[in-house]
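2 protein chains.
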Amino acid sequence: MSELMSQSLFIRAANGEKTERPPVWLMRQAGRILPQYRALRQKFPDFKAFVKTPAAAAEATIQPVDELKVDAAIIFSDILVIPEAMGLDYEMIEAKGPRFPKTIQNQEDINILRSGTEAAANLEYVYQALRLTKQELNGRVPLIGFAGAPWTILAYMVEGGGSKTFSKARKMLYAEPLQAHALLQKITDTTIAYLKQQVAAGADLIQLFDSWAGELAPAHYQTFAIPYLQQICDALPEVPKTIFAKGAWFSLEALGQTSCQVIGLDWNTSPMFAREKMGGSKVLQGNLDPCTLYADAHTIRQETLKMIQDFDGKHIVNLGHGVYPDTPLDGVKAFVDTVRSYES
Amino acid sequence: MSELMSQSLFIRAANGEKTERPPVWLMRQAGRILPQYRALRQKFPDFKAFVKTPAAAAEATIQPVDELKVDAAIIFSDILVIPEAMGLDYEMIEAKGPRFPKTIQNQEDINILRSGTEAAANLEYVYQALRLTKQELNGRVPLIGFAGAPWTILAYMVEGGGSKTFSKARKMLYAEPLQAHALLQKITDTTIAYLKQQVAAGADLIQLFDSWAGELAPAHYQTFAIPYLQQICDALPEVPKTIFAKGAWFSLEALGQTSCQVIGLDWNTSPMFAREKMGGSKVLQGNLDPCTLYADAHTIRQETLKMIQDFDGKHIVNLGHGVYPDTPLDGVKAFVDTVRSYES
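Those sequence lines, one after another, are chains U and F. Add 22 to the 1-based position in the first sequence for the numbering used here, that's all there is to it. Add 22 to the 1-based position in the second sequence for the numbering used here, that's all there is to it.
Check before you lean on any hint, since a few could be wrong.
It does not matter which identical chain is meant; a pair holds if it fits inside one copy or across any two.
Here are the computed lysine to any residue pairs in the SDA-like style, where the Cα-Cα straight-line distance is at most 20 Å [unchecked claim]:
id, residue 1, residue 2
1, Lys-190, Ala-222
2, Lys-118, Gly-184
3, Lys-190, Leu-351
4, Lys-190, Ala-319
5, Lys-186, Gly-119
6, Lys-118, Thr-187
7, Lys-40, Ala-356
It should be emphasised that the hints constitute simulated quantities derived from the structure, not laboratory data. The structure presented is a predicted model; accordingly, all values stated were derived computationally and were not measured.
The whole structure should be built from the sequences, with the hints applied where relevant.
Pasting the structure below:
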């Protein structure tokens, strides 16, 4: 990492240094909340074509830096590029979400998947997008790379899409635990190779999204999630790492013992509760309820300030979930501006 | 309540008495896991016609008592009969879930809804099903009546169906809190009138399902959920009440202060955590991960015994969520039989 980046507000905060104000960015900031994103999106027949065009991905990544003045960019991509790179293709269905025509059903399905550097070699378009973004950002703000956490990726590969209960994926953990571990290891190996390349291409921090963490029983999260998150964090010593395990309030203690620097909190989990479970070693990221941004500017400002006071330092400001696509841009700006003008 | 019912294992346990073993039942036990249910279901063109036929509803209610030997029956119905009785019709779409052609958008939509006894008078078919069931059960086991919790019913009425984020319903709480309170009060008034009639028709215990509790920020659960749950519990002094607020781990302290007797736990929430937050006054219900029932009989037995030991008394055994429709019947029986043969 360059001297410039390591001295940026965002990276200093991620490394646990005391900063003049907390940095701010939004999960899904590169997306439908921005008119310029919607205009760009229209140039592509589908979401995947957009993701696979490095110049467009770079443009979408930089838009929120220009428009919202957030303190970090996050590469425009999707967590499901990993299953695809491993050999499990998916479609993105408008307004419905992802669908995998073929799913993982047995050991044979797992055996034929590519993994590690061989699989990660299929994601050159992401590395290219990172390099382009890095160049165009020209040191303005750090660039966040990301991947899905292994359990969440397994859930999609077994389930074939979103689900109310993820009962097929969770069934595998009870009925075929060895298969589950074999698949998780292949996903982990691929993710490590992928993220190493992201760092080589310019990512200054890596975030792992464990979107379906909250579906697992605590003992299962300990067995099927934590060890793989740990492997990934250990493999990337060059950059700070953030784990956002949505709904995994019951595993904060274990998450606090991984080698990441930052833990993302959803809007149900108070920083006081997280500190009680994890102690003070990690930086916390979050956690305003995304629906707060539907309120008037005065309420958004009050709630944002209250949150900053509740976190009381070692804090990267964000929402507790990705910003919802129909959020008014004015609401997003009221949120970001409140943090940017905050004086501790 | 009759002497016979108040002396039943289930009601004694719900009232906090020490029992020879914990009672056991399953949320959604009257449903697709039973072959006899699937046969009965085929006689009806759609799910709603089934729900509205008292003799069929009574039959579905009793099937699991006969087949599984559970310690309580729960009336076969749906939480969405309340919005319908208030004037907001819904369709149940096979394999997809409920859909409301019209949703609640503004104060005018709320004003024209029926409520209280006037709305509850439209649910005679439920009361008839309860009376029939009560007669056919002939004192074998107690009969559970139920309703959705006001927040969860509001969520469906505003959202128009299920949702990944319930952002429209949650938006109302931030953007139009007075409208939300007006709607919650109308739902509450209707639910109270409805549940009073359920008790009059023979329900021995009432369960409130707050399925989307986990979507709310803790402060919102305190403001928009707890007071209405409290009103309902206070209005039904004749029977024990159970609140199952899925995902509301952050509000256990407040739930513990309501006037219900039993708190249901999902599979993420350990009884130790619940006791720490609520003290020992409430009976706890739950909370095996429904996916455990996909495992072999030996594993199911071990996990069930471990759960009973973890709860350590004041416990009604259940899953941590409704039983999933594709659960093998043998798995369900292994679960129930383990509890029935348990000797403390």
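Results for each hint:
When the C-alpha separation of Lys-190 and Ala-222 is checked against a cutoff of 20 Å, the pair qualifies neither within a copy, at 36 Å, nor between copies, at 41 Å. Taking identical chains as interchangeable, the C-alpha atoms of Lys-118 and Gly-184 lie at most 20 Å apart whether they share a chain (9 Å) or sit on different chains (13 Å). For the homomeric pair Lys-190 and Leu-351, the shortest alpha-carbon distance between copies (17 Å) is at most 20 Å, but the shortest distance inside one copy (38 Å) is not. In this homomeric assembly, Lys-190 and Ala-319 come within 20 Å of each other (Cα to Cα) only across copies, at 18 Å, whereas the closest approach inside a single copy is 43 Å.
For the homomeric pair Lys-186 and Gly-119, the shortest alpha-carbon distances inside one copy (13 Å) and between copies (11 Å) are both at most 20 Å. For a Cα distance limit of 20 Å, the shortest separation of Lys-118 from Thr-187 qualifies both inside one copy, at 16 Å, and across copies, at 13 Å. For a Cα distance limit of 20 Å, the shortest separation of Lys-40 from Ala-356 qualifies neither inside one copy, at 24 Å, nor across copies, at 56 Å.
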